[in-house]
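Asks: If you want the building blocks of each chain, they are given just below.
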Amino acid sequence: MALRRVVYNVTRSPELASGGSLVHAPIVPVQGEAREVHEDVAGEHMLINIGPQHPATHGVLRLVLELDGETVVRCIPHIGYLHSSFEKLGEYRDWNQIVPLTDRMDYLAPLIYNCAYAMAVEKMMGIQVTERCKVVRVMCMELDRIFSHLLWLGTTAIDLGAFTVFLYTFQQRELIYDLHESLTGARITTSSTRIGGMMADLPAGWVEQLSKWMEGFIPVLDEVETLLTNNAIWIGRTQGVGVISGEDAVNFGLSGPNLRASGVDYDVRKDRPYYDYDQYDFVVPVGEHGDIYDRYMCRMEEMRQSIRILRQAIERLPGGPINIDDPRVILPTKTAAMNDMESMIHHFKVVMEGVRAPVGESWFSVESSKGELGMYVVSDGGPKPVRWRVRGPSFINIAALPHMIEGALLSDVIAVNASLDIVLGEIDR
Amino acid sequence: MANGEFKKGLKGLDQGPGPSEAQAPGAPPQAGDLPPHPTVDALREHFGAGVLRHEVVAGDEHIVYIPPERNLEVLGWLKDTGRYDFLQDLTAIDYGGGRAIQVVYQLWSIPTKLNLRVKCELPLEALEIDSTYFLWRAADWMEREVYDMFGVVFRGHPDLRRILMPYNYAEGHPLRKDFPLRGRFSRAEQTRRALSMKTEDHYSPQELEIAHVLGQPLPDVIVEGGPGQPNQGEMPGIGIGAG
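Chains as they are written, first to last, in numbering that gives the first Met the number 0: chain V, 0 to 428; chain H, 0 to 242.
A few of these clues could be false.
[As the list claims (entries may be wrong)] Below 27 Å or equal to it, Euclidean Cα-Cα: the simulated BS3-like pairs (lysine-lysine) are:
| no. | chain 1 | residue 1 | chain 2 | residue 2 |
| --- | --- | --- | --- | --- |
| 1 | H | Lys78 | H | Lys118 |
| 2 | V | Lys348 | V | Lys269 |
| 3 | V | Lys211 | V | Lys333 |
| 4 | V | Lys133 | H | Lys112 |
| 5 | V | Lys269 | V | Lys87 |
| 6 | H | Lys118 | V | Lys87 |
| 7 | V | Lys87 | V | Lys333 |
| 8 | H | Lys112 | V | Lys269 |
| 9 | V | Lys383 | H | Lys118 |
| 10 | V | Lys383 | H | Lys78 |
| 11 | H | Lys197 | V | Lys269 |
| 12 | V | Lys87 | H | Lys112 |
| 13 | V | Lys269 | V | Lys333 |
| 14 | V | Lys383 | V | Lys348 |
| 15 | H | Lys118 | H | Lys176 |
| 16 | V | Lys383 | V | Lys211 |
[Claimed, not checked] Per the computed footprint, the stretches of chain V lying under chain H, defined by three or more beta-carbons under 8 Å from a beta-carbon of chain H, are:
| no. | region |
| --- | --- |
| 17 | 77-84 |
| 18 | 115-129 |
| 19 | 155-169 |
| 20 | 201-215 |
| 21 | 273-279 |
| 22 | 413-422 |
[As the list claims (entries may be wrong)] Heads up, incomplete: computed chain H residues facing chain V, CB under 7 Å, no partners named:
| no. | residue |
| --- | --- |
| 23 | Arg52 |
| 24 | Ala57 |
| 25 | Gly75 |
| 26 | Asp84 |
| 27 | Pro110 |
| 28 | Leu113 |
| 29 | Tyr132 |
| 30 | Phe133 |
| 31 | Arg136 |
| 32 | Ala187 |
| 33 | Glu188 |
| 34 | Met196 |
| 35 | Leu207 |
| 36 | Ile209 |
To be clear, the hints were calculated from the coordinates, so they are not data collected in a lab. Note that the Cβ used here is the ideal one computed from N, Cα and C, for glycine as well.
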């Protein structure tokens with residue numbers, strides 16, 4: 000059997016200090032050490048297929064990898080297995096009917112998508128929502144940021160072998176599901192926004208329920224941090240893995256925690272504030288190494304900051320109506336529609352013909368849990384959009400995956416893919 | 000709701016909401032109130048006739064129309080001199096009725112915190128434009144999506160193939176206005192095509208080439224009715240009728 004010398008390039012620092020303490024990664028680094036291997040085993044490249052049905056690809060993502068031993072030479076992602084042409088469907092629905100499509104894209108943070116869509120249409124129509132609606136939407140969006148980050152944390156930890164974290168985070172997610180349910184009547188497919196307001200005002204006791212959940216949540220988050228942040232295995236699998244430089248991250252269009260972990264301070268909430276985000280007191284965590292560990296740290300801190308924003312939102316929650324007083328977009332109350340002839344006609348017209356938007360377009364983006372979520376709506380004056388486009392943050396983020404994992408090890412593919420926090424419903428749309 | 004106010008509203012239903020007088024104090028600023036966009040002025044100065052039109056929509060969104068044959072020149076200038084380092088979005092709009100398809104670039108500058116939208120109009124008979132892949136790598140998948148959904152060809156894109164639809168999709172480009180919602184083929188034909196897909200149909204030409212060079216068969220893809228699955232109605236591992 001022919002022998003060949005191969006230089007392994009597994010570089011992992013044994014001194015991974017975190018929080019001031021020296022941590023020894025359990026994997027002993029083999030840095031540039033040459034070994035003799037059998038040529039017929041190591042010399043050949045291999046083509047393997049991961050997915051579309053694979054638990055660690057977080058949906059129906061399919062990756063075709065060309066491997067040299069355990070090193071990834073080339074990675075070619077395939078998407079589209081969940082494609083349902085939401086954008087085309089939107090062109091056949093009126094403005095309010097599109098709302099249910101939006102939460103089916105990112106079912107991990109549905110309220111953010113509902114709000115972003117409504118905000119884009121309102122901007123195009125020149126509608127200013129009420130103060131109460133603004134604060135309620137901020138609460139919805141921050142709650143779902145935590146909701147999505149918790150899923151990310153649980154599934155990424157389980158991908159890397161830490162099972163316990165999953166139980167903690169999913170228990171908390173259940174409680175947020177309960178909050179969703181009492182707010183909107185649904186747990187996942189919330190469809191809670193309407194053009195000009197919300198489906199309904201906050202139910203009685205919802206704010207108290209939210210405060211109670213927040214009190215219990217912070218200790219759980221602390222506990223999860225003790226499980227991971229200084230954990231040698233976690234550090235060994237995440238530090239220095241999937242690194243992307245800040246310059247590359249901007250060029251690849253990464254956004255959200257993935258971009259900020261690379262040291263680029265760009266958060267839509269700070270840079271183009273909407274809904275008075277400039278008046279809330281919060282900081283945006285920015286990493287420096289651009290690896291999985293920094294993404295993890297960014298998301299952990301973001302959850303704490305979201306709790307801060309939620310507390311301030313509860314404090315400033317004003318009274319007053321949740322919907323704007325504009326009969327052209329808002330339905331009359333049920334009582335009025337049942338008792339008053341003109342209100343009934345009004346109700347009929349809004350439901351059957353839909354809300355009409357003026358000619359125009361708007362590209363509006365919010366900071367979703369996964370990155371910058373842009374909604375582009377184009378109207379020709381009719382009740383239906385000419386074009387409704389979603390700039391999905393996952394779609395753009397996953398495009399950088401080959402760049403991050405080519406040259407890495409096969410086991411890191413799962414880790415890097417998990418760290419990007421993708422949701423296939425939105426990638427495939 | 001008061002009756003008079005309501006009648007006004009009913010009339011308004013047909014026109015759609017405009018900026019109403021009740022919302023005047025907090026209403027978004029109109030085009031005239033805004034300071035001019037610094038980049039648009041600089042573009043005008045530098046390219047002259049290269050800026051076909053300038054529009055302001057939705058209060059504060061600036062759109063610049065440029066000729067499609069000069070897109071790389073203008074966008075390159077915007078990236079290097081205008082410091083628009085972040086390509087937020089790249090998409091297209093088909094207004095239907097044989098009108099030109101618009102390719103839309105939504106740019107954001109992280110250092111200067113400015114937004115700009117650039118549009119190129121492509122007539123239906125010449126759906127070709129230069130790729131911005133080498134300006135922003137973010138354009139890679141977004142250009143593939145526009146190609147897939149609208150049939151716009153991006154010259155110079157190194158890997159222009161369908162992205163959301165299957166590689167052997169033969170019904171056209173779904174987001175075009177002349178594309179029917181349920182596709183061009185009948186349901187029976189669509190099903191027949193889906194069931195007769197071969198392993199090679201699940202791989203891109205690049206991967207087929209790699210497999211050819213490596214001299215190994217393609218790995219199985221588990222898809223409905225595809226290879227790698229046991230025959231329908233047959234339980235694997237249980238030999239019925241076998242002695």
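Asks: When you check the alpha-carbon spacing of V/Lys269 and V/Lys87, does it fall within 27 Å?
Replies: Given pair V/Lys269, V/Lys87 is violated - Cα atoms ~32 Å apart, limit 27 Å.
Asks: Quick one, are H/Lys118 and H/Lys176 close enough, alpha carbons at most 27 Å?
Replies: Roughly 19 Å separates the two Cα atoms, so the pair holds.
Asks: Would the pair V/Lys383 and H/Lys78 pass a check requiring their Cα atoms to be no farther apart than 27 Å?
Replies: Violated - the C-alpha atoms of H/Lys78 and V/Lys383 are around 35 Å apart, more than 27 Å.
Asks: Hint check: V/Lys383 vs V/Lys211, CA-CA at most 27 Å. Holds or violated?
Replies: violated, 41 Å
Asks: Given H/Arg52 as an interface hint, is its Cβ closer than 7 Å to any Cβ of chain V?
Replies: violated, 14 Å
Asks: Measure nothing beyond the straight line between the CA atoms of V/Lys383 and V/Lys348; if it is 27 Å or shorter, mark the hint as holding.
Replies: holds, 14 Å
Asks: Against the 27 Å threshold, does the CA-CA distance of V/Lys211 and V/Lys333 hold or violate the hint?
Replies: violated, 32 Å
Asks: CA of V/Lys87 to CA of V/Lys333, is that 27 Å or under?
Replies: violated, 32 Å
Asks: Would you mind confirming whether the straight-line C-alpha gap from H/Lys197 to V/Lys269 stays at or under 27 Å?
Replies: Given that 27 Å is the threshold and the Cα spacing comes to 50 Å, the pair is violated.
Asks: Under 7 Å is the threshold here; is the Cβ of H/Arg136 close enough to any Cβ of chain V for the hint to stand?
Replies: holds, 5 Å
Asks: Do at least three Cβ atoms from the region 155-169 of chain V come closer than 8 Å to Cβ atoms of chain H?
Replies: With 0 residues in contact (Cβ-Cβ under 8 Å with chain H), the coverage given for the region 155-169 of chain V is violated.
Asks: Per the coverage rule (Cβ-Cβ under 8 Å, at least three residues), is the region 201-215 of chain V covered by chain H?
Replies: violated (count 0)
The structure does not agree with the numbered hints 2, 3, 5, 7, 10, 11, 12, 13, 16, 19, 20, 21, 22, 23, 25, 27, 28, 29, 30, 32, 33, 34 and 35 stated previously, though it agrees with the rest.
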